[in-house]
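Novice: For reference, the chains in residue letters:
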Amino acid sequence: MKTLMRYLMSLQVIVLCIVLFAPIAWMILASFKNRTEITKYPPELFFTPTLENYQHLFTRTDFLENTLNSFYVAGGSTVLGLLLALPAAYAISWHRMTWPATLTLFARMAPGTLFLLPWFIMFSNVGLSGTHAALIITHAVITLPIALWTMLPHFDGLPRELTESAQIDGCSSLKILTLIALPIVMPGLIVAIILSFIFSWNYFLFALALSGISSKTAIVASFNFIGEGVTNWGALMAAATVIALPPIILTFLIQRKLVAGLSFGAVKG
Amino acid sequence: MKAQRAASLHGLMLPAVIFVVLMVIFPFGYAFWLSLQDYRIGQAVKFIGIGNYTALIQDEQFWNGIKLTFILYITALILQLILGVGLGMLLHRVQLMRGLVRTVMVSPFMLPPVVIGMMSIVILDPGMGVANYLLKAANLPTSLFLASTDYVIYTVVLIDTWQWTPFVALIVLGGLQSLPTKIYEAAAIDGATGWREFIYITLPLLGPTILTAAVLRSVDLLRFFDVIYITTQGGPGYASSTLNIYAYRKAFEFTDIGYAAALMITLSTIVFGVVLVFSQFRKKVTW
Chain A
695 MKTLMRYLMS LQVIVLCIVL FAPIAWMILA SFKNRTEITK YPPELFFTPT
745 LENYQHLFTR TDFLENTLNS FYVAGGSTVL GLLLALPAAY AISWHRMTWP
795 ATLTLFARMA PGTLFLLPWF IMFSNVGLSG THAALIITHA VITLPIALWT
845 MLPHFDGLPR ELTESAQIDG CSSLKILTLI ALPIVMPGLI VAIILSFIFS
895 WNYFLFALAL SGISSKTAIV ASFNFIGEGV TNWGALMAAA TVIALPPIIL
945 TFLIQRKLVA GLSFGAVKG
Chain B
101 MKAQRAASLH GLMLPAVIFV VLMVIFPFGY AFWLSLQDYR IGQAVKFIGI
151 GNYTALIQDE QFWNGIKLTF ILYITALILQ LILGVGLGML LHRVQLMRGL
201 VRTVMVSPFM LPPVVIGMMS IVILDPGMGV ANYLLKAANL PTSLFLASTD
251 YVIYTVVLID TWQWTPFVAL IVLGGLQSLP TKIYEAAAID GATGWREFIY
301 ITLPLLGPTI LTAAVLRSVD LLRFFDVIYI TTQGGPGYAS STLNIYAYRK
351 AFEFTDIGYA AALMITLSTI VFGVVLVFSQ FRKKVTW
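Chains as they are written, first to last, in this note's numbering: chain A, 695 to 963; chain B, 101 to 387.
Hints in this document: simulated from the structure, not taken from any laboratory.
Treat the hints with care, as some may be off.
Stated by the list, open to error - The calculated lysine-lysine pairs, modelled on DSSO-like cross-linking and capped at a C-alpha distance of 30 angstroms, are:
(1) A:Lys951 to B:Lys282
(2) B:Lys236 to A:Lys734
(3) B:Lys282 to A:Lys696
(4) B:Lys384 to A:Lys951
(5) B:Lys282 to B:Lys384
(6) A:Lys869 to A:Lys951
(7) A:Lys951 to B:Lys383
(8) B:Lys282 to B:Lys383
Predicted, not measured: the structure shown is a model, and the values here were computed from it.
Build out the structure end to end from the sequences listed, making use of the hints.
Specialist: Right, here's the structure in full:
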């Protein structure tokens, strides 16, 4: 009876994994199907794979440039977010203050659409609309709270004597942070970098409304493919597979810390 | 010396605080100010006070947006919490291939929403999609899914539940792993097993964990935008125009800036209200 229960539960886990993974597998498979196979009815599981969708994507469209834009924006906003969040997290943790951290939760809760209109007007006024810089700054609104809340518990765990003695030796706060504190909290820093990058990479709304032709991200370009004619499913699935790769690979590196990192604010507050 | 250090530490906070004020707090105030104007592209801007808000009350599409927002929110939240607690408990007991299972579990919610949307469009296509093919093969009724006025919002619930239930399950799993085992030993001695153990011991102890998951899902569900906009742009007609989608359409399709701002302020108020209710509730279930 006990072993039967165990088998049944294992079976449930296997079914669960299939349900969760099947759509992703279907997307990847479809990206290797040719034009006739992809719309074949009934759909087929076995076929001769082709790279023509990927060829089409990278030679006939601007997708390569769009993907590079995505890297600039995600990379830039990760750096900007960390530059702002690291010193702040260090100081907040030292003073055991909560209001500055709570302030950033505001960005986590407010609907993104709310910011679009003011940002649109603000960026037009300073001549930044449609630039990479505008996207990097707006995406930092996402990466800053992620980096801050990921780093807080790590800074909280730092032994205070360590920084106090450095301070007596005449080190400035910034020096203590970069030379003494950061090397110790490195594991947390890596999680913060990866989470920031993934969330900036994935984010749709800000780039949808604020990117220009030269700064269009791969995410927005893919969305435009849908509108331009849903008929080329192969290229659509190839694009989806390409933009799914960075988050999947990065997630793989930090899986264990992922859920704690994503529930920031809610666990403490 | 102490004071000097404190000052320099406050200085470390300054850039982040300035950034948040400039990019989050100021725009929020600005959006509120916009919501008090009659602001349409190509027309003179006019201050109309609460005019946009009184117009909301008479707008059929606003109420439609409220209705859809809450249908989506409540059905998806309940589904994800029930399934998430169930799956979390299952994963807590089964040791089978932990690492692989975890990888599969995190994949859906780490994928870009645009990928989820593209996948849904292809799989749920009424004519050529594999979903209807499988339904037909199993002798079940097929569906128009995203193309159906009646079912599009539930299709979105389905997609979101597929994507985010694993997240809830992993939070619950984390909660279960941190529960004191002594309580279960004592309960076993008292003869509490199975359902009774679940209802009287596990569930109350999991209260704070479940509430954490509920708050996180609430914030995302109430302001849900990306997958809906990617798959349907709020359609067919207005059948999936939740408050957030409707506000976006008002701003960028109809360029009625003041009215759109009023919609967004209203939605923000709802989100903050719900979070506030949860945080009050949280004090009651914390042990």
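Novice: Can you confirm whether the C-alpha distance between Lys384 of chain B and Lys951 of chain A stays at or below 30 angstroms?
Specialist: 28 angstroms, holds
Novice: Has the given pair, Lys869 of chain A with Lys951 of chain A, been kept, meaning a C-alpha gap of at most 30 angstroms?
Specialist: Roughly 28 angstroms separates the two Cα atoms, so the pair holds.
Novice: Holds or violated: Lys282 of chain B and Lys383 of chain B, Cα atoms, limit 30 angstroms.
Specialist: Holds. Lys282 of chain B to Lys383 of chain B sits at ~24 angstroms (cutoff 30 angstroms).
Novice: Could you grab the alpha-carbon distance between Lys951 of chain A and Lys282 of chain B and see if it respects the 30 angstroms cut-off?
Specialist: The hint holds at about 27 angstroms.
Novice: Holds or violated: are the alpha carbons of Lys282 of chain B and Lys384 of chain B at most 30 angstroms from each other?
Specialist: 23 angstroms, holds
Novice: Taking only the CA atoms, is the gap from Lys951 of chain A to Lys383 of chain B under or equal to 30 angstroms?
Specialist: 27 angstroms, holds
Novice: Verify the proposed pairing of Lys282 of chain B with Lys696 of chain A, using a straight-line Cα cut of 30 angstroms.
Specialist: Distance of about 23 angstroms is within 30 angstroms: holds.
Novice: Lys236 of chain B and Lys734 of chain A: Cα distance at most 30 angstroms?
Specialist: 16 angstroms, holds
Checked against the numbered hints given earlier, this structure breaks none of them.
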